[in-house]
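Assemble chain B onto chain A, guided by the hints.
Chains as they are written, first to last, in numbering that gives the first Met the number 0: chain A, 0 to 127; chain B, 0 to 661.
Among these hints, one or two may not hold up.
Some residues of chain B that are not near chain A, with every Cβ distance over 12 Å (derived) [claimed, not checked]: (1) Q1; (2) S44; (3) M107; (4) N209; (5) K220; (6) Q254; (7) D266; (8) E317; (9) H379; (10) D468; (11) N516; (12) R527; (13) G587; (14) G629; (15) A636; (16) K645.
If you want the footprint, here are the derived chain B segments under chain A, 3+ residues with CB under 8 Å [claimed, not checked]: (17) 391-401; (18) 454-462; (19) 477-488.
Worth flagging that the hints you see were computed from the coordinates, not collected in a lab. The C-beta atom is built at its ideal place from N, Cα and C for all residues, glycine as well.
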Amino acid sequence: MTELQMKEQVLRMSGVDPLKCMRCGKCSGTCPSYDEMEYHPHEFVYMVEKGQISKLMASDSIYKCLSCMACVERCPRGVEPGKLVEAIRLLAVRRQGANHLKPDDIPAMLDEDLPQQAIVTAFRKYTK
Amino acid sequence: MQKIGVFVCWCGSNIAATVDVKRVAEALSHENGVVYSTDYQYMCSEAGQNLIKDAIKTHGLTGVVVCSCSPRMHENTFRKACALAGINPYMVEIANIREQCSWIHKDMVQATAKAIILGKAAIAKVHLNAPLTAGTSPVKKRALVIGGGIAGIQTALDIAEAGFEVDIVEKKPTIGGKMSQIDKTFPTLDCAACILTPKMVDVAQNELINIYSYSEVSAVKGFVGNFTVTIKKKARYVKEDVCTGCGLCTEKCPQKKVPNEFNLGMDNRRAIYIPFAQAVPKVATIDPEYCTKLKTGKCGVCEKVCTAKAIDYNQKDEFIEREYGAIVVATGFNPIDLKDYDEYAYSQSPDVVTSLEFERITNAAGPTAGKLLRPSDGKHPHTIVFVQCVGSRDTSGCGKPYCSKICCMYTAKHAMLTREKYPDTEVYVFYIDVRTPGKSFDEFYRRAVEEYGVHYIKGMVGKVAPEGDKLMVQASDLIANEQLNIAADMVVLAAAIEPDKSARPLATMLTASMDTNDFFTEAHPKLRPVESPTAGVFLSGACQGPKDIPETVSQASAAASKVIGLLVKDHLTCNPCVAESNELMCNGCSACEKVCPYGAITYIDKEFRMPDRTTLVRRVASVNPAVCQGCGACTVACPSGAMDLKGFSNNQIMAEVDAICK
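Chain A extracted, bound-state conformation (with noise of 0.2 Å):
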């Protein structure tokens, strides 16, 4: 798949249109795992606009991500950028071998203060 086809499947599983962002960087400013992730918020929407999907892809940053979606709540714009993160995370879940984090790896990951709705979100998250 090229990087356009890509493009154009995370806009459709997503639907979103990156056009609407206005670059003010609120889902930044709001986003409780900023520091955690290469690529921010505003990154993906930016990237995505320019279609660099499979440097998204390959980052960490889509596991990163809490799916909170405080992003989505308080963007201006109604640009939702956790939806396009969640888009990509599934792009890459559901090519076989793509995961980077596989789910049989994840019950060693986790400690006992875990909140089991935590759990259960990651197992929904990276089981699709």
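Same frame as chain A, but now just chain B:
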């Protein structure tokens, strides 16, 4: 049988690039009654008009069809040209083959076919046109200005300067508006009160200007030159002409816990109050929501202390009816309610304030007497974060889709003044874009950065969380590509501005149109910016769109000049395309009278002679042509088809439809 001339305009390439104009002229030349048909590059030019005039004389034309742009553009031009050539101006019809054809189609064959059809419809109508003569109506030489802010004040002063009487209706107890709450004005930093209050005094002293303060417009009737307006003068429980404004009552009133709206609720006033020291009129007002006497019948302190005997607890709302030739809307703006922006903790911490609140905090007459102190504990803040675009440029549904225009400049002003007075304070401004198009505006913003060391950060604040006595500000710095966490003492939100809530019901009363954001629309966005599409209604200030003070004042003066241009006329030429009732068909049902928005229709008892030589008195509709604005509502409402609109009769419109459908 009419002798019709058809004139097809190229409008340069505007029409000719998509419509085969020669083909249109040729096709229309075969239409019934057409004796002359031609095309020309610019029909509206002098040469184009002469072409029409010459054709009228040479071919003895009785009707003219011009296939050109919208009648809103040049109908008058062609009507005048035809009148000069000796035919009635209402024998001219425009086929709009630009806006309704060439501009919206790409395919030349289709566009040409449609242009021919539109031309045929216009020809069909001209066949039924009859000469019409415009009447005249007198002009009441008095203007009404709704809103007493800087826009209304400037408009009123300029109209009065030309010698016409002006009434200002202001819903608050004093004129002055938002500008009276502002501390300093950008980009020159002169004190707002110092430049505003002399103008307020000029208004008060001008014999031609009459202020209805604490009043609202409650009904508007009539039309350009002849409006009848009902003004509701709310009871202030103080005799305006007796009160000396000494202020003793406002010191003695025992009800001390009334939120002071002039300081945006950051301190308290009494139940009887004068909004601020330079109020005009300087008259006390009793707030009925808080006055113990009005609520329980006990108290009466203000009455006892008033040496002028001005207190009147029995005062009632008063309705005044006055006539005006012109109405100026100057209803202004307000900052939006921030209830949908709780991520900024506005409702959680008193130290998160709006820019207008910050303005009051820095003002010498404000709640802190001009000292920069935080509302929560009265301490001097050492770190202040300004957030721009709060609710502006927001299409998510919480805010306003437009740029509020004034925030970039007032934030730069606040940041600069803070750094100047309190150099020990760190000031951060989070911006999306800094928009400073205006004389000396960008220089002003750059001074804030370069000379005063304000930290301008490209990015947006994501959230503000109160923690102890600090406000934790989490924001993005897009250029450094990092997330910032600032422990601030105060956060100032540049809230979007919106039209005053009174504007929407007022627009309905005035039949003036508004856009989706409740800003009044102008008659033409470029060429008629201070006129509403409703004749005789003019626009001044932020009710038309966000504006700073210099722009508001220029627009206010422009509106005044338009009003003066109207009021100097003794008579106005009426539109002859008015409704007419066929008395023989009218059944006296009153349907038309009920729908007429101008009150132009009355019912009369009229004697009719019957075929058998007896007489019969019947109740029939009668239209006052001076009042009728030709809207056509009655022609639709009339169940018996008696009502018709001259120039747009049912027959004419059906003929057009037939021509299109043939």
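Consistency of the hints with the structure:
no. : hint    : result
1   : Q1      : 54 Å, holds
2   : S44     : 42 Å, holds
3   : M107    : 32 Å, holds
4   : N209    : 45 Å, holds
5   : K220    : 43 Å, holds
6   : Q254    : 42 Å, holds
7   : D266    : 33 Å, holds
8   : E317    : 46 Å, holds
9   : H379    : 27 Å, holds
10  : D468    : 23 Å, holds
11  : N516    : 16 Å, holds
12  : R527    : 31 Å, holds
13  : G587    : 56 Å, holds
14  : G629    : 43 Å, holds
15  : A636    : 43 Å, holds
16  : K645    : 50 Å, holds
17  : 391-401 : holds (count 7)
18  : 454-462 : holds (count 6)
19  : 477-488 : holds (count 3)
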